[in-house]
Amino acid sequence: SRAQGSDSAAASALLFGKSGAKLVLVGRRPDALHKVKDELEQQGATAIVIPQDITLPDAAERILQTTIDRFSRIDNLVNNAGVPGEGVRLDQVSDELWEEIVSTNLTAVFRMLRATLPIFVRQQHGVIVNVSSVAALKALTNVAAYSATKAGLIALTRSVASDYASLGV
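Residues 368 to 536 in this note's numbering are what the sequence shown spells out, letter by letter.
Just so you know, the hints here were simulated from the structure itself, not pulled from any lab data. A virtual CB, placed ideally from N, CA and C, is assigned to each residue, including glycine. Treat the hints with care, as some may be off.
Derived lysine-lysine pairs resembling DSS-like cross-links, with alpha carbons at most 27 Å apart [stated by the list, open to error]:
1) Lys404 x Lys389
2) Lys389 x Lys402
3) Lys402 x Lys385
4) Lys404 x Lys385
Cβ-Cβ distance ranges computed for the label pairs, FRET-style [stated by the list, open to error]:
5) Glu466 x Thr413: 18 to 28 Å
6) Leu534 x Glu467: 25 to 35 Å
7) Glu408 x Asp458: 26 to 36 Å
8) Thr433 x Phe477: 12 to 22 Å
Based on the provided sequences and hints, a complete structural model is requested.
Right, dumping it as structure tokens:
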């Protein structure tokens, strides 16, 4: 569910914060982002919030520019955004719902990767974590579009790893 995804994203951010990372929290819900930022700051971490719909074509560039303006660099990218499965059989999935799931779960990750990889290559270092789902590997009921995007994310991740590992990414 969306709440579980948000909870896992918050937990991941808190773990990064405990390790001393400076974080950039991005999402469509500013209130939720600020809540995590407050928790991070209580544990002594540094974080900024960028309220952003990651499905917008220029979102990745804006996110990265804000990150570099604030922190001078980027070392890690965690693509953890996603919209949940549809809860209906595929013949009941509208074009609009399909596009929402694909644009959030796969296209936005592609755009973040495309924008971030040149930075990591220049630095000769960068760590990328793309969060997928068991739905990519196991047949689950009524989540065909979601499963397709998460399986695509695994394939995308493997391909990027193969292409960029020798470059320090």
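Right, here's what the structure says about each hint:
Distance hint between Lys404 and Lys389 is fulfilled; the C-alpha atoms sit about 11 Å from each other, no more than 27 Å. Among the hinted pairs, Lys389 with Lys402 is consistent with the structure: their alpha-carbon atoms are about 16 Å apart, no more than 27 Å. Between the alpha carbons of Lys402 and Lys385 the distance comes to roughly 16 Å, so the proposed pair stays at or under 27 Å and holds. Straight-line distance between C-alpha atoms of Lys404 and Lys385 comes to about 13 Å, which keeps the hinted pair within the 27 Å bound.
Judged by the Cβ atoms, the range 18 to 28 Å given for Glu466 and Thr413 is violated: they are separated by roughly 36 Å. Leu534 and Glu467 have their C-beta atoms about 33 Å apart, which keeps the hinted 25 to 35 Å range intact. Between Glu408 and Asp458, the C-beta spacing of about 48 Å breaks the proposed range 26 to 36 Å. Range check, Thr433 to Phe477: about 20 Å between beta-carbon atoms, so the 12 to 22 Å window is met.
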